[in-house]
Amino acid sequence: MLLLILSFGAYLFALWKRPLLYVGLILQIAYITSRGIELGRLPLVGAHDTITFLSSSIVVFSIPFRIVLKKKLSRFHRGIVILAISFTVFALISKQYNMPLPPVLRTFWFETHVVLAFLSYALFAIAAVLGYIYLREQDSSLDGMQYRAVLIGYCLFTLSMIFGGIWAYLAWGTYWLWTPKELWTGILWLFYSFYLHARLRQWWMGKPMAFLSMLGFAIVLFTYLGVSLLMKSSHSF
Amino acid sequence: MIFLKNVIRFFLSLRTAIWLLVLIFALFFAGAFVMPAKEEYRSISLMPLFKWLVSQPIGITWWLWGSIGVLSLLTINTIFCSIESVVKKRKVTHWLLLISPQIIHISFLFILFAHLLDAWGGFKYLTFVREGTLLRITEDNTLQIKDINISLDTSGYISDWKVDVEYFLNGETVRKDIIRPNKPSVENGLNINVKDLRVFPHEAVLLQISREPGAVWALVGGILFMVGITILILFKIRIER
Chain E
1 MLLLILSFGA
11 YLFALWKRPL
21 LYVGLILQIA
31 YITSRGIELG
41 RLPLVGAHDT
51 ITFLSSSIVV
61 FSIPFRIVLK
71 KKLSRFHRGI
81 VILAISFTVF
91 ALISKQYNMP
101 LPPVLRTFWF
111 ETHVVLAFLS
121 YALFAIAAVL
131 GYIYLREQDS
141 SLDGMQYRAV
151 LIGYCLFTLS
161 MIFGGIWAYL
171 AWGTYWLWTP
181 KELWTGILWL
191 FYSFYLHARL
201 RQWWMGKPMA
211 FLSMLGFAIV
221 LFTYLGVSLL
231 MKSSHSF
Chain C
1 MIFLKNVIRF
11 FLSLRTAIWL
21 LVLIFALFFA
31 GAFVMPAKEE
41 YRSISLMPLF
51 KWLVSQPIGI
61 TWWLWGSIGV
71 LSLLTINTIF
81 CSIESVVKKR
91 KVTHWLLLIS
101 PQIIHISFLF
111 ILFAHLLDAW
121 GGFKYLTFVR
131 EGTLLRITED
141 NTLQIKDINI
151 SLDTSGYISD
161 WKVDVEYFLN
171 GETVRKDIIR
181 PNKPSVENGL
191 NINVKDLRVF
201 PHEAVLLQIS
211 REPGAVWALV
221 GGILFMVGIT
231 ILILFKIRIE
241 R
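The listed protein sequences correspond, in order, to chains E and C. Per the working numbering, the first sequence starts with residue 1, numbered consecutively. Per the working numbering, the second sequence starts with residue 1, numbered consecutively.
Simulated from the structure, these hints should not be mistaken for lab results. These figures come from a predicted structure and were not determined experimentally. Some hints here could point you the wrong way.
As the list claims (entries may be wrong) - Pairs of lysine-lysine, DSBU-like flavour, derived with a Cα cap of 35 Å: (1) E/K181 / C/K236; (2) E/K95 / C/K38; (3) E/K95 / C/K162.
Required output: the full structure, derived from the provided sequences and hints.
Now the structure itself:
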């Protein structure tokens, strides 16, 4: 837990000293690795571990965007750091899931399903940050980057749904269950399908796309945290 | 004739696709609040969707009926737009870039078709069984639970399990199989899954016998999506370079 607290500190000071973001990331990766070694499995079950993974994924995926965003880096950096700090705080106050995994969760399909889902969430978060900056600066290059983040995020999210479906079929004999979590997953997928199609029409370009990418991430947060905390589902997180 | 032209124009439009997506998004969004509020939804995953839908009042299922209607329109729209796109752009775009979004569209249609098949012709039966229980799974086939083996770790959590089953045809043994975590037994197109386990007072398992005729189509749809999206992203990266 000390590593996670230190990573929080590094992210916090990264608001003033940019390179500390990488220090925070290294500490967070070290923490995730130590959790994996301690538990003897991929540490991706429960709110604590998944939020930590999401926080570090956002920072990792932000790196290529930072390289391209030379002049607009300041706002982007601040947005990413604020997200990393927020999720790390949430991870620190969330309970750790230290129990052994039920046998049904010990499979490649489940692990891949979860990893892909959180990688896609991280890309949707980056698209939301880019959308926010676009609303402030109206730079068309931000619009293109936002689109790329959403496209790759959508691809990973769909793959996560496919892998989850295969796992559910093997584990429970059905690839789709009508539970609130699956329904919200469907809502999220439909939303980003709408985003990618709307972008093909001129009317939606620019500000509407920026708003949509921010709205999309709000749906991501509800699908991930809101549904798990407020509704009964087959997913713990 | 004018009416037919308007119908074709409606289905050939990207604007139609966008608004149908908004509509289905809105219906699912509404459903996300109806579902947790209504007790009836507890049984939705226990039977094929259409069978459940017709047994429930329209007051709680309207958003699902609406979604099915919108998805039907979206299916026609997808087919029309995909054909038009291939015809219009066949000479101006690289064929792989032209075909990859259409592969993704086809994969979406395959997955919809899979859901339709399961909603219509799926089958599910759940029962708690103990060692020795005999179950008739088809007219002539019987399944017997031969052995339930549940391993517990030092903290009392289930660390592993296996269920030995034997199939009989007209009373004669056909074959033996073992159900393990993520490894169901398959017989006569039926999936035999263990959905839950109970250690006390006797070892027992919640067995699900199910048939999902759409599962193969959904898998094909999933594979097609992976192919389509990989081509699309690789080409977009190459073009931007």
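**Request:** Take a quick look at whether E/K181 and C/K236 sit within 35 Å of each other, Cα to Cα.
**Result:** Distance ~32 Å between E/K181 and C/K236 Cα, so the pair holds.
**Message:** Between the alpha carbons of E/K95 and C/K38, is the straight-line distance 35 Å or under?
**Reply:** The hint holds at about 30 Å.
**Message:** Does C/K162 sit within 35 Å of E/K95, going by the straight-line distance between their CA atoms?
**Reply:** holds (31 Å)
Of the numbered hints given earlier, the model fails none.
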